[in-house]
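Peer 1: Listed below are the residues making up each chain.
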Amino acid sequence: MKYSIENRAGQSLEGDVVEVEGGRYQVRVDGETLEADFADVDRLGQCAVLLGDRSFGASVETEAGDETHLVVRIAGFSYSFRVFDERELAAGVLDSPGPGRAEVVRAAMPGIIVGVKVAAGERVEPGAPLVVLEAMKMQNEVGSVHGGVVAEVRVAVGQTVSAGAALVRLEPPTDG
Amino acid sequence: MKYSIENRAGQSLEGDVVEVEGGRYQVRVDGETLEADFADVDRLGQCAVLLGDRSFGASVETEAGDETHLVVRIAGFSYSFRVFDERELAAGVLDSPGPGRAEVVRAAMPGIIVGVKVAAGERVEPGAPLVVLEAMKMQNEVGSVHGGVVAEVRVAVGQTVSAGAALVRLEPPTDG
Amino acid sequence: MKPPFAKLLIANRGEIAVRVLRTCRDLGIKTVAVYSEVDRNSLHVRYADQAFALGGKTPAESYLRGDRIIEIALQCGAEAVHPGFGFLAENPGFAAAVATAGMAFVGPPPKAMAVMGDKIQSRQEMVAAGVPVIPGMTEPCPDPAAAAGFAEQIGYPVMLKASAGGGGKGIRVVRSAGKLEAAFRTASAEAEGAFGDGRMYVEKFLERPRHIEVQVLGDHRGRVIHLGERECSIQRRHQKLIEETPSPVIDAATRAAMGATAVAAAEAVGYYSAGTVEFLWSEGEYYFLEMNTRIQVEHAITEEVYGVDIVEWMIRIAAGQELSLDQAVQPRGHSVEVRINAEDPELGFLPAVGKLRNLRMPSGPGVRIDSALYRRMEVTPYYDSMLAKIIVHGSSRDQAIRRMQRALAELNVGGVKTSASIALEILGTEEFQSGVYDTGFLERWMAGGRPQREPYAREAAIIAALHRHHLARRRSIRRAGGGGLSPWVAQGRRTGWGGGGR
Amino acid sequence: MKPPFAKLLIANRGEIAVRVLRTCRDLGIKTVAVYSEVDRNSLHVRYADQAFALGGKTPAESYLRGDRIIEIALQCGAEAVHPGFGFLAENPGFAAAVATAGMAFVGPPPKAMAVMGDKIQSRQEMVAAGVPVIPGMTEPCPDPAAAAGFAEQIGYPVMLKASAGGGGKGIRVVRSAGKLEAAFRTASAEAEGAFGDGRMYVEKFLERPRHIEVQVLGDHRGRVIHLGERECSIQRRHQKLIEETPSPVIDAATRAAMGATAVAAAEAVGYYSAGTVEFLWSEGEYYFLEMNTRIQVEHAITEEVYGVDIVEWMIRIAAGQELSLDQAVQPRGHSVEVRINAEDPELGFLPAVGKLRNLRMPSGPGVRIDSALYRRMEVTPYYDSMLAKIIVHGSSRDQAIRRMQRALAELNVGGVKTSASIALEILGTEEFQSGVYDTGFLERWMAGGRPQREPYAREAAIIAALHRHHLARRRSIRRAGGGGLSPWVAQGRRTGWGGGGR
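Chains as they are written, first to last, in my numbering: chain G, 1 to 176; chain F, 1 to 176; chain U, 1 to 502; chain V, 1 to 502.
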């Protein structure tokens with residue numbers, strides 16, 4: 001099966017995974033072929049992985065139950081990916097946030113909106129603060145991952161929001 | 001639901017469990033009524049239990065996938081039980097080992113039989129050694145949990161056995 | 001040995017409740033837990049002998065309900081109450097109420113707590129006791145001349161601060177006499193404009209200050225000792241993230257001097273129990289900042305280096321026992337702590353929530369874990385974001401740092417973002433490694449576009465693809481094998497052909 | 001700091017492989033794991049930088065394949081090989097082959113290993129070095145008169161042992177000269193009958209001996225120091241179960257004397273690296289038993305008390321570094337270790353197998369875990385039954401014991417029987433608590449119908465019923481909700497009505 005693996009910065013890697021026998025694979029990336037041995041040891045995401053003779057005790061989780069959205073942690077370093085298989089790529093199911101796509105910025109936790117820093121139509125850079133959310137007695141700036149143009153601000157100062165509430169909707173900048 | 005809880009020594013306790021609301025129960029044992037609060041916290045057997053105001057961090061496992069056979073560990077102390085509900089008691093499903101019942105003594109691990117200490121027809125006490133099994137370079141005496149009369153010796157000296165192999169079958173002593 | 005108390009109630013939750021509970025077990029004391037609605041399944045509840053619901057989710061509805069807690073303690077026959085940190089720990093009224101109810105409060109005398117809790121009163125007491133405080137005016141001054149006179153007294157650089165100040169407005173650092181008047185006028189005008197009040201203070205300006213604190217322990221006889229310092233300058237928004245002891249800038253002589261100062265501070269307010277005297281340190285000088293009249297998050301690094309259980313001593317002292325340790329107690333090796341907070345360092349340390357699904361805890365030589373984590377724990381927004389502490393001990397600073405790096409490499413807290421990743425990065429910086437850092441380091445480094453170290457980016461991507469492949473395969477097996485149905489029936493049901501009951 | 005080696009291969013598995021690997025990480029050394037077929041998913045493999053299959057399941061097919069291991073080490077560019085304990089650790093041929101292949105063997109010189117591995121030769125060397133050995137004849141004696149003469153020399157009580165003996169036959173303890181002749185004749189006759197050989201030895205009989213051993217560390221310059229003793233008398237079938245340091249019967253003067261003896265023993269064979277000199281101790285006298293020329297299971301308690309990483313020193317010494325520690329190194333506090341073995345104490349310590357389903361590991365102040373456990377690990381019969389070690393450290397023996405009790409109360413290794421439960425019982429006995437125990441204690445106590453402490457029997461029974469109720473309820477919910485089927489359809493399928501495809 002062919003996969004497209006996209007990182008947070010929007011760079012993507014194409015990989016072809018072929019199972020040779022139970023738990024053993026051939027992986028082709030960028031013309032290189034690797035022997036891989038993969039086991040989800042505890043069925044909770046603790047994985048024993050060999051890539052050639054290099055060994056990894058990786059921790060893998062799906063985010064928000066979305067199987068295409070994987071977080072891989074190796075030796076304390078954390079990587080977030082979107083992984084799509086060839087069928088999904090063919091079907092064009094890439095409707096979720098990423099550079100060049102629409103992004104809905106949400107409240108990670110319940111809180112009160114104490115500041116709104118952008119207005120519809122404004123262009124914002126990746127990481128730029130959009131809204132200030134007070135939670136656990138701390139003020140937290142909520143930013144966009146990918147940046148873009150503000151399509152809609154859905155909250156106002158003083159409003160209480162629950163976790164997951166949509167705060168700001170962004171669209172890709174029109175100039176590409 | 002009424003339950004009969006039997007310990008290793010064959011003593012049993014009758015309990016009646018009524019769920020009051022999600023995770024909260026009334027338990028009646030020996031005429032005493034207890035408020036209980038029970039949660040299998042991690043769905044792997046780490047349980048948070050309140051009996052009245054006493055709190056327990058209990059570890060519970062089923063043995064060999066048999067739901068009626070539970071091992072409960074509290075603060076390092078381990079207890080093994082057979083638990084039957086009223087329907088099972090009514091149906092008389094108590095066909096498994098226990099005092100007054102047939103018992104098949106099995107090899108807990110692969111090994112070689114280096115001694116057979118009993119013959120068919122012999123009466124043996126609980127814990128008495130029946131067979132000597134060599135494994136991990138150590139000789140291990142395999143005994144009966146409940147004792148009884150040897151009905152059949154299924155192995156001979158020199159034989160290699162796999163884990164779970166039946167070694168000796170015991171029947172309850174005929175004099176009750 | 002007879003336990004100091006038969007039963008003790010822990011008026012707290014999370015990591016510190018478990019920490020206190022463990023020492024109670026080590027002393028043979030029965031423990032009573034209290035819990036809020038969301039903490040029913042917590043480790044501090046499970047490991048306690050008895051547990052009582054406080055109700056509610058917010059602190060106000062639960063762990064701040066001093067009256068209810070005292071009522072429970074009396075009802076179950078507790079002889080003592082340990083407040084942990086946060087919540088009621090520095091509330092003199094609660095401490096006094098516990099004593100009035102006939103139980104021992106495991107902490108300092110309420111009066112010492114009250115004095116140290118008041119910024120102005122504590123500063124006055126410390127000045128009287130000869131404890132160095134940051135030199136500064138005690139009254140605002142109206143004109144540049146008075147400011148210049150005071151600056152001359154305390155020496156440059158100085159800081160001009162608006163009397164009504166806030167948010168960085170009306171603040172100027174002045175490095176020489178010649179620049180004072182102009183700075184005073186612009187700052188005063190700025191303050192006048194912003195707050196309608198142009199009065200200014202002058203205070204000594206500390207260059208790149210470090211936050212260094214001293215642990216003290218005292219008993220009812222008035223014996224007070226110190227257990228050395230803790231270096232706590234790795235902070236963001238005044239929240240400590242990494243602590244170590246000894247401090248890389250403190251030698252034995254300075255340790256003895258700062259320790260004696262901390263002991264004097266404690267003695268000045270008739271202190272007993274454990275407490276921490278916080279100092280700002282700059283260029284060899286140190287100044288009293290405040291005293292925390294409770295056990296502190298980072299106490300464990302002192303325990304590792306001194307081989308002393310501080311919570312044990314708090315409890316023994318509360319039971320009236322004499323401190324049998326004396327100032328001859330010697331430190332050994334080096335200890336580092338990293339706080340594992342539920343927060344996203346990539347989004348300005350925004351508190352994070354979630355369910356812990358995939359936990360892997362470090363262990364091995366030199367590693368201590370003080371934690372409240374368990375699989376399927378729900379991290380909620382109601383309480384402090386600190387989930388666990390990783391504490392390491394080594395024979396040298398170098399070994400301790402490497403051990404912490406190893407421990408953080410083994411750690412996985414899956415399902416919620418934590419500060420572990422940024423701590424690992426900080427430990428690898430030249431600044432941390434060399435020990436040359438101050439309280440501004442972390443924010444400067446974060447703002448300065450820290451170098452992105454991504455040593456396993458490609459391997460992680462490949463593993464992500466393998467895992468996705470594996471998930472799909474496992475699902476297809478489950479589907480095919482589920483409930484003993486043939487793949488054909490399963491397939492039929494999935495696509496809506498056949499099957500029934502929906 | 002530059003690592004002593006760039007890359008090291010660990011020729012072992014399980015807990016000790018992880019233990020060695022962690023120190024390598026602390027030193028910045030890359031690690032290479034080797035693994036047998038059944039160990040593919042082990043922690044020692046996952047935590048290593050590189051891993052190579054050895055094949056097979058049995059030790060002979062895997063971890064005993066010295067040639068293959070050296071081949072792998074050369075192929076991947078390892079500079080050193082650490083053998084752990086067991087397997088190839090005390091094989092002088094392997095140690096020499098590693099050196100011949102141009103790599104460093106992390107252990108003692110092969111010659112010292114060979115001498116100490118030979119019972120007779122090591123005894124001769126020790127006698128020559130002035131190390132006390134158990135007084136006994138070096139040649140069998142044919143008649144009671146010679147035996148009586150020798151017994152007079154070494155003093156009563158003595159033990160008569162059949163030269164061809166075994167299985168307890170032909171053994172007599174003789175407590176006074178008057179009883180020697182009769183005992184000799186009956187024992188000799190017994191031996192004659194059993195083995196066709198009536199010759200006897202006379203040896204000093206030790207009353208209730210304790211197994212006490214001394215840790216030594218030496219470098220290539222010939223500097224050897226000791227790190228105190230370990231008390232290892234809690235044994236069954238000569239397998240240690242609980243160890244502690246200091247020993248309850250050793251004072252500072254005896255420690256210095258035994259330590260000096262152990263150092264002399266090591267020096268006599270030109271020892272370097274870490275090693276352990278084992279003694280039998282009885283009534284204030286101690287005698288050389290044997291020397292273990294490797295890291296030992298129980299080394300961690302010495303590390304806790306001396307603040308020294310012994311594995312680190314083994315590696316540094318193998319790299320030619322000088323031992324910078326000297327005999328002035330001081331112990332602090334008390335440490336206890338419990339081995340968590342997969343075995344059933346209720347069935348004569350029969351090795352147990354199974355899959356670990358429900359793991360709960362202890363942590364907190366004073367607790368160190370050296371473990372290879374992980375969820376869903378399969379415990380197989382192929383290797384040693386030791387799965388993990390719990391090590392605690394406290395400021396006093398009393399505190400250390402209580403901490404171990406706390407740690408064992410927190411531990412749960414669900415799915416396989418372990419020695420943890422019996423260790424918890426032993427810690428609570430008067431004998432252990434008072435420190436008055438010997439190598440025969442555990443077997444006497446087990447055989448003597450030890451008191452059954454079952455403090456939570458009733459509560460556990462109620463919890464079993466609640467859990468059974470919960471399992472049934474969860475299953476019925478799953479059934480009802482499973483795959484979106486209505487309870488009616490699910491019910492139908494379960495009872496065999498309708499449904500299809502089977």
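Calculated from the structure, these hints are not laboratory results.
It cannot be assumed that every hint is accurate.
[Unchecked claim] Derived pair list, reagent style DSS-like, types lysine-lysine, alpha-carbon separation capped at 25 Å:
1) V:LYS111 <-> V:LYS161
2) U:LYS169 <-> G:LYS117
3) V:LYS30 <-> V:LYS7
4) U:LYS7 <-> U:LYS30
5) V:LYS204 <-> F:LYS117
6) V:LYS161 <-> V:LYS179
[What the hints assert, rightly or not] Just the calculated beta-carbon pair ranges, DEER-fashion:
7) U:GLN75 <-> G:ALA163: 34 to 42 Å
8) U:GLN452 <-> V:ALA260: 25 to 33 Å
9) V:LYS111 <-> U:GLU322: 26 to 34 Å
10) G:GLY22 <-> U:GLU61: 46 to 54 Å
11) V:GLY448 <-> G:ASP53: 20 to 28 Å
12) G:ARG106 <-> U:VAL127: 27 to 35 Å
13) U:GLN75 <-> G:GLY22: 42 to 50 Å
14) V:ALA264 <-> U:ASP326: 47 to 55 Å
15) V:GLY448 <-> U:ALA472: 40 to 48 Å
16) F:ALA166 <-> V:LYS57: 44 to 52 Å
17) F:ALA163 <-> V:PRO142: 17 to 25 Å
18) F:VAL114 <-> G:GLY22: 47 to 55 Å
19) V:LYS111 <-> U:ASP326: 30 to 38 Å
For each residue, glycine too, the CB sits at the ideal point set by N, CA and C.
Peer 1: What are the numbers of the hints that this structure violates, sorted from low to high?
Peer 2: Structure breaks hints 1, 5, 8, 9, 11, 12, 13, 14, 15, 16, 17, 18 and 19.
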